[in-house]
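Starting from the known structure of chain A, fit chains B and C onto it as the hints suggest.
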Amino acid sequence: MSILHTVNKSPFQKNDFSSCLSHANAGDAVLLIEDGVYGAVSGTEAAKQISSAEASVYVLGGDLAARGIASDKIADGITVVGYDGFVDLAAEHQAVNSWL
Amino acid sequence: MAYELDGQTIEHDEEGYLTDLTQWSEGMADILAKDEGIEMTDEHWEVVNFLREYYDEYQIAPAIRVLVKALKKTMGKEKGSNKYLYTLFPYGPAKQACKIAGLPKPTGCI
Amino acid sequence: MSEDMEEGGTVKKFMYMNRKAPYGTIYALEALEVVLIGAAFDQDVSLAFIDDGVFQLTKDQNTDDIGIKNFSPAFRALGDYDVTKLYVEKESLAERGLTQDDLMDLVWEDEDDDWAEKPSIIMVSRDEMKKVLGDQDVIMSF
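Chains as they are written, first to last, in this note's numbering: chain A, 8 to 107; chain B, 6 to 115; chain C, -12 to 129.
Pulled out of the complex, with its shape left as it was, chain A reads as follows:
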């Protein structure tokens, strides 16, 4: 059984991303959306946590573009997906957990 976690809050304001990473199992996916995408920028404390996480981390391209974050700014190990990728992730996993 695996879970798709979504995080939509900036890691600089809330601990959702960090808490989510430490509660996600191997095989799970964590998708950063809305203000959650600020956690995908390389060099940030949030992005550093990703290397020790068991789950795979994704970020929604549309939300990055809206915030003017270029793809070369994304930390290593994070995969950029579009809305179609979001749908695929939701379909591939048993359950979705929207961290609020």
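Everything labelled a hint here was simulated from the structure, so no lab data went into it. Every residue, glycine too, gets a C-beta built ideally from N, C-alpha and C.
Calculated cross-link-like contacts (lysine to aspartate or glutamate; reagent style EDC-like; alpha-carbon spacing at most 20 Å):
#1 Lys21/A to Glu78/C
#2 Lys105/C to Asp88/C
#3 Lys74/B to Glu51/B
#4 Lys74/B to Asp99/C
#5 Lys78/B to Asp100/C
#6 Lys0/C to Glu99/A
#7 Lys77/B to Asp101/C
#8 Lys46/C to Glu82/C
If you want the ones that stay clear, here's a sample from chain A, every Cβ over 10 Å from chain C, calculated:
#9 Glu41
#10 Asp70
#11 Arg74
#12 Gly75
#13 Ser78
#14 Asp79
#15 Lys80
#16 Ile81
#17 Gly84
#18 Thr86
#19 Val88
#20 Gly89
#21 Tyr90
#22 Asp95
#23 Ala98
#24 Glu99
Frame of chain A, contents of chains B and C only:
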């Protein structure tokens, strides 16, 4: 929307539940029961008082199956049954009895 | 609510994940209401208390002066609704200077065991919580 009792105005919501449960009194219960077409007997009061005590302790009006289970525990199998409660409160025990007891509608009751 | 909804359906594992303190936002109260409503559907329900969610279970809450209803007593009614598994994360408590002694003593009564009182709170480590979450069919986050 309000009830009148002894010259006092007591507010209620669009479904007849008291807005402020501290305004409840036994006289108020009689008025609420009459509106529901119910003649209050000792058996009715037993359930109404039980609900008030439950609310006082837990701050929620219990769902019907919770009420049944709790009555079964304190008053035995005969009174702790859907059938018994529907005999007393034909239009839904949780709904009608809670209204008469001055409590909000049970959470999850449509 | 009718009693016959359980017929024919499969029982799923439902987890309500609580990560917010009780009075600053409406999330905690809304979660509790959803749990009470959802309890009518006879699923395998459990609750998780992580991060600030653990503040929901502290004892001696008194909201007289803030004009908000103290809904913490309702947690003691969860057993009546057959909600008997409340997972509390040890690390979240410790990070907030709390121990289990600071929490309400929550129990449920086992009808099949002469109404014996049994503890509802299950203390788990972060790693154990991770496994509990991974074992659910549905997770609702608040």
